[in-house]
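I would like the entire structure built from these sequences, with the hints used as guidance.
My numbering puts the first residue of the sequence shown at 1, with every later residue one more than the last.
Hints were generated in silico from the structure; no laboratory data involved.
Backbone N, C-alpha and C define an ideal beta-carbon position, used for all residues, glycine too.
Watch out, some of these pointers could steer you wrong.
To be verified - Here are the simulated distance ranges between beta carbons:
1) Leu113 <-> Tyr92: 18 to 26 Å
2) Phe156 <-> Phe96: 13 to 21 Å
3) Thr146 <-> Asp68: 54 to 62 Å
4) Ile152 <-> Lys107: 29 to 37 Å
5) Val168 <-> Gly90: 43 to 51 Å
Stated by the list, open to error - Computed cross-link-like contacts, DSBU-like style, restricted to lysine-lysine with a CA-CA straight-line distance of at most 35 Å:
6) Lys145 <-> Lys158
7) Lys107 <-> Lys145
8) Lys82 <-> Lys107
9) Lys145 <-> Lys165
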Amino acid sequence: MAATALTVTFGRLVSACSRSILRPSGPGAGSLWSAAQRFNSQSTSFPPGYVPKTSLSSPPWPEIVLPDPVEETRHHAEIVRKVNELIATGQYGRLFAVVHFASHQWKVTSEDLILIGNELDLQCGERIRLEKKDLVRVEATVIEKTESWPRIIMRFRKRKNFKKKRIVVTPQTVLRINSIEIAPCLS
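Following this line, the structure appears as structure tokens:
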């Protein structure tokens with residue numbers, strides 16, 4: 001019991017001495033001490049999970065609010081209904097389609113010409129249907145089957161007496177897009 005009383009008394013003595021040593025004395029020392037206390041003290045006015053708003057804590061662009069799923073499905077059904085009405089009445093303007101043919105893609109409309117850089121096993125005047133897409137039917141006619149201009153590939157190494165010349169001619173096929181037809185109804 002005496003040891004406990006001794007440590008409590010000793011602790012009070014140490015804290016009193018440290019306060020008197022650390023506290024400045026003299027004219028104007030009180031105001032300096034209170035200002036130092038005010039700037040060095042931890043502020044407890046913020047909640048524990050508070051993060052100040054900076055460019056790192058929140059992005060500088062505005063947040064995007066997503067629409068309500070029920071409203072979105074209603075809006076989607078309304079758009080599909082309007083598109084089906086336009087298809088039924090035939091009031092859709094000039095259609096286009098992106099066709100994938102011979103390892104290339106083309107955005108085509110009716111009466112467009114496509115130059116394909118290889119030979120097809122078709123005769124001039126034959127009609128083909130490009131059926132890459134499900135909702136759109138694209139029909140084309142083979143217009144012309146020709147060869148390209150000669151391309152000269154020359155290999156040369158200076159001071160080595162090395163020259164190689166190769167002339168490359170590739171077959172070409174020209175297609176005309178006859179019509180682009182849309183499916184009768186969207187689902």
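Hint by hint, here is what the structure shows:
1. Leu113 <-> Tyr92: 18 to 26 Å: The hinted range 18 to 26 Å holds for Leu113 and Tyr92, with Cβ atoms some 23 Å apart.
2. Phe156 <-> Phe96: 13 to 21 Å: violated (46 Å)
3. Thr146 <-> Asp68: 54 to 62 Å: holds (58 Å)
4. Ile152 <-> Lys107: 29 to 37 Å: holds (32 Å)
5. Val168 <-> Gly90: 43 to 51 Å: holds (48 Å)
6. Lys145 <-> Lys158: violated (40 Å)
7. Lys107 <-> Lys145: Status holds; Cα separation ~21 Å.
8. Lys82 <-> Lys107: With a Cα-Cα distance of about 25 Å, the restraint between Lys82 and Lys107 holds, given a limit of 35 Å.
9. Lys145 <-> Lys165: At roughly 27 Å apart (the allowed maximum being 35 Å), Lys165 and Lys145 satisfy the hint.
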